[in-house]
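**Student:** Residues per chain are reported as follows:
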Amino acid sequence: MALKRSIVILLAVVLLVTPILMNADDSTSSAIIAADRDAKANTSGALWFGAGCLFGLLGVGAAYIIEPSPSAQVLLGKSPEYVAAYTSEYKSIGRSIQTKNALTGCVVGAVVESIVYVVYYFVVVSAVSSAY
Amino acid sequence: MLNLSFLLIAAFTGLFTQINISKTENDTIKGRFYMNPPASYFMHVSYPINQVLFSKSDTTYIYYPKRKEGFKFTSNYTNTTDVSKGLMPVFKDEYLTKLGMILVKSDYKKGKLIKYYSPSDSKSPLKFIKIVYKNHLIRKIEIINRDDKVIKRSVYGNYEKIDKKNIPMSIVNYSSTGKDSIVSEIKYDSLNFIENIPDSVQNYRIPKNIKLKEMKW
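Keeping their order, the protein sequence lines are chains H and Y.
The numbering used here runs 862 ahead of the 1-based position in the first sequence.
The numbering used here runs 3 ahead of the 1-based position in the second sequence.
In case anyone wonders, no lab produced these hints; they're calculated from the structure.
Accuracy of the hints is not assured; some may be wrong.
[Stated by the list, open to error] Below, in silico cross-link-like pairs of lysine-lysine (PhoX-like), each with a Cα-Cα straight-line distance of 25 Å or less:
| no. | chain 1 | residue 1 | chain 2 | residue 2 |
| --- | --- | --- | --- | --- |
| 1 | Y | Lys59 | Y | Lys71 |
| 2 | Y | Lys75 | Y | Lys167 |
| 3 | Y | Lys126 | H | Lys902 |
| 4 | H | Lys902 | Y | Lys59 |
Small disclaimer: the values here were computed from a predicted structure and weren't measured.
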């Protein structure tokens, strides 16, 4: 009898608590979806590609260190759980896009630089050898 | 994000209702805001959650009085909201020139004056800011990127005369974010100019015993 009562109480508690937990999860998951969407839209891949191209590893380092910032607008009327999850996800996704593009820019920059150097070298060599 | 508030002459306050619609979420936010040039704003959200959001120079605070928790964000700029900054262009349309935008073209079609501004910085991702006026009032502002894509459109409506100034009581913002788009409608009510922000707002302090979560923006 006591066991039956314990099970009933346990079930009642689970039924009462579940919606609260579900709401917290909902808030966090919608924050993550929104942050993911906004970070992808707001982070300029071309800018960081250019930084990687021009400044090489320094550009990649800057892309990793500089954290993108979300707008206060999107946090208006949101719960603390949402604000924490959104901010963290936005920074993480934004930084990942920045670093990936800067790294691509760095590799492309290095390849282009090498090609220019090789072409320049052969032009100089052929010019020198033809002079003699 | 640029701080445009220095262009305003007087402080103002009002009630707002913001409705956000996107594929992932629909929500309604209600509250009161205070805008105090040059660089501070204060918003008290009453629905759906009791939230206070305000800035002090380069720091933005978000505080939940009932839950006694909050955030402190520091950044290199004033991070403001559409509710407060949305009204700025209406006060002085030359603000774009002061921010380094150049008027490159203007057309007059069917009773509408259309002005195109371009950034003086050639590296800017923006191509144009297009402003549409009708009867000397701003009706629409579009931000157009280098791919000729409108990334944000704001439509101004329901103008009312407040202190001899024409103020739009409704602004609808359309933002394109990749595959998704967000529509937010801001409706203002009881908007008025005030000489000074009330002391309770001006000197608002989060209780010292509240430990704020600090983040760098």
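**Student:** Please flag the earlier hints that this structure goes against, numbers listed from lowest up.
**Tutor:** 2 and 4
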